[in-house]
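Spelled out, the chains give:
Protein chains: 2
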Amino acid sequence: MRKLYVVGVGSGKEEYLTAAARAALAAAELICGYTAYIALIAPLFPEKEVFATGMTRELERCRHALEQARAGRTVALVCSGDAGVYGMAAPVLELLPEYGGVEVEVVAGVTAALAGAAKLGAPLGHDFCVVSLSDLLTPWEVIEQRLRCAAAGDFAIALYNPSSKRRAGYLRKACDILLETKSGDTPCGVARSIGREGESVRILTLAELRETAVDMVSTVFVGSGATRVIGGKLVTPRGYRV
Amino acid sequence: MRKLYVVGVGSGKEEYLTAAARAALAAAELICGYTAYIALIAPLFPEKEVFATGMTRELERCRHALEQARAGRTVALVCSGDAGVYGMAAPVLELLPEYGGVEVEVVAGVTAALAGAAKLGAPLGHDFCVVSLSDLLTPWEVIEQRLRCAAAGDFAIALYNPSSKRRAGYLRKACDILLETKSGDTPCGVARSIGREGESVRILTLAELRETAVDMVSTVFVGSGATRVIGGKLVTPRGYRV
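Quick mapping for you: the protein sequence lines, in order, are chains A and B. Be aware that the first sequence starts at 53, since it is given in this note's numbering, and climbs by one per residue. Be aware that the second sequence starts at 53, since it is given in this note's numbering, and climbs by one per residue.
A hint or two may mislead.
One copy or two, it doesn't matter: identical chains are merged, so the pair holds either way.
List time: in silico SDA-like cross-link candidates among lysine to any residue, alpha-carbon distance up to 20 Å [to be verified]:
| # | residue 1 | residue 2 |
| --- | --- | --- |
| 1 | Lys55 | Ile282 |
| 2 | Lys171 | Gly153 |
| 3 | Lys171 | Ala75 |
| 4 | Lys55 | Lys217 |
Source of the hints: derived by calculation from the structure; they are not laboratory data.
Put together the whole structure using the sequences plus the hints.
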């Protein structure tokens with residue numbers, strides 16, 4: 053077959069899989085991915101061969117998946133959420149010219165911004181930005197500039213990778229940049245471990261968010277100027293006159 | 053039950069449904085939605101009662117769904133793509149305080165930006181913005197400001213509602229704003245009818261996009277400064293050294 057599916061599996065729970073993602077995983081002879089996601093997905097396909105590696109070994113997984121596909125196998129490389137949003141679709145497609153004859157199919161999935169937003173209400177109901185606070189692969193100056201532009205455009209904002217052990221304090225720095233133009237009363241939300249064990253959501257103001265510790269399994273939402281808290285839900289109206 | 057599910061059904065084809073969306077539709081006694089989406093989804097649940105109305109009658113559908121849920125029925129209100137991205141989750145939550153006792157659950161789905169991106173490659177592989185060009189509910193000045201800020205932040209951009217009969221020329225106006233700061237060579241993409249009959253994708257430059265007519269079933273992608281065309285795919289690298 054020489055086929056590689058790059059599959060967004062949502063949160064990892066079966067209920068967030070699309071039928072297309074399930075079909076791709078069922079078709080694969082080999083499932084590759086980050087150890088933690090393989091642990092979530094592999095039990096759904098107990099008979100499959102898996103190749104799992106740890107964090108920061110993304111390119112090794114991509115190359116292994118491409119090599120195995122080039123050798124004639126049907127391979128699925130799993131990503132949490134969507135395959136294209138900070139996922140493996142981009143590096144696989146960058147490497148693909150080295151692996152002639154392999155056909156790649158990207159299978160979209162429910163990214164954390166959408167899954168978290170649904171649990172909080174509808175914070176992304178109008179124009180929005182998605183920004184990662186991880187400076188592992190992006191200079192911090194670029195992240196700052198994007199935060200300033202997201203605030204200047206009055207977008208609702210979803211922040212990925214808001215924190216980690218190494219990057220404690222990044223969310224506070226991001227809030228300080230947003231507070232240059234946005235009110236401290238701006239409604240915000242934190243969605244943690246959505247679609248996994250112990251999922252939780254919290255609604256708070258931007259000023260409170262600045263003082264809040266979040267972890268790396270959280271997605272953070274910062275409202276636009278139109279975002280409101282209605283009945284305990286975070287809502288960015290599209291503009292219908294209700 | 054007094055339960056209302058607001059369900060993102062993806063493109064409408066069964067393969068883009070999540071298991072959670074399918075379960076919500078299966079649990080519902082009544083499925084409400086825009087006529088065109090009901091036509092896609094209803095055949096999967098042939099025994100269900102449906103309530104379908106035309107475009108611009110969104111609030112009527114929301115109120116009908118809430119009224120039926122308040123009357124004790126389990127109701128699903130379907131949205132294409134994700135329920136929260138320009139979908140019905142926000143207006144339902146805005147109206148909910150008028151309908152005491154109804155429990156609302158938003159079920160996330162694969163929005164057009166993710167589905168289209170997967171078919172084009174990985175244009176949203178790094179930070180991105182989603183902007184609707186519809187000025188039906190948003191002043192055009194706000195849309196212009198958001199486009200300028202999206203360009204200033206060097207975001208990859210997904211444009212929803214890029215055109216309609218009434219709004220021919222809006223995409224050209226949007227391109228002109230982006231061309232104030234972005235190169236005419238910026239790689240762009242158009243994804244049309246993704247996950248439906250006759251789906252297609254096209255990769256072109258921003259200068260070419262300005263001269264291109266697109267319709268309202270298309271989603272338009274404009275690259276960041278890092279976006280490249282690799283092997284016929286549109287790719288925004290995250291920054292791994294490949």
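Against the structure, the hints:
{"no.": "1", "hint": "Lys55 to Ile282", "verdict": "between (47 Å within a copy, 18 Å between copies)"}
{"no.": "2", "hint": "Lys171 to Gly153", "verdict": "between (42 Å within a copy, 19 Å between copies)"}
{"no.": "3", "hint": "Lys171 to Ala75", "verdict": "between (27 Å within a copy, 17 Å between copies)"}
{"no.": "4", "hint": "Lys55 to Lys217", "verdict": "neither (37 Å within a copy, 41 Å between copies)"}
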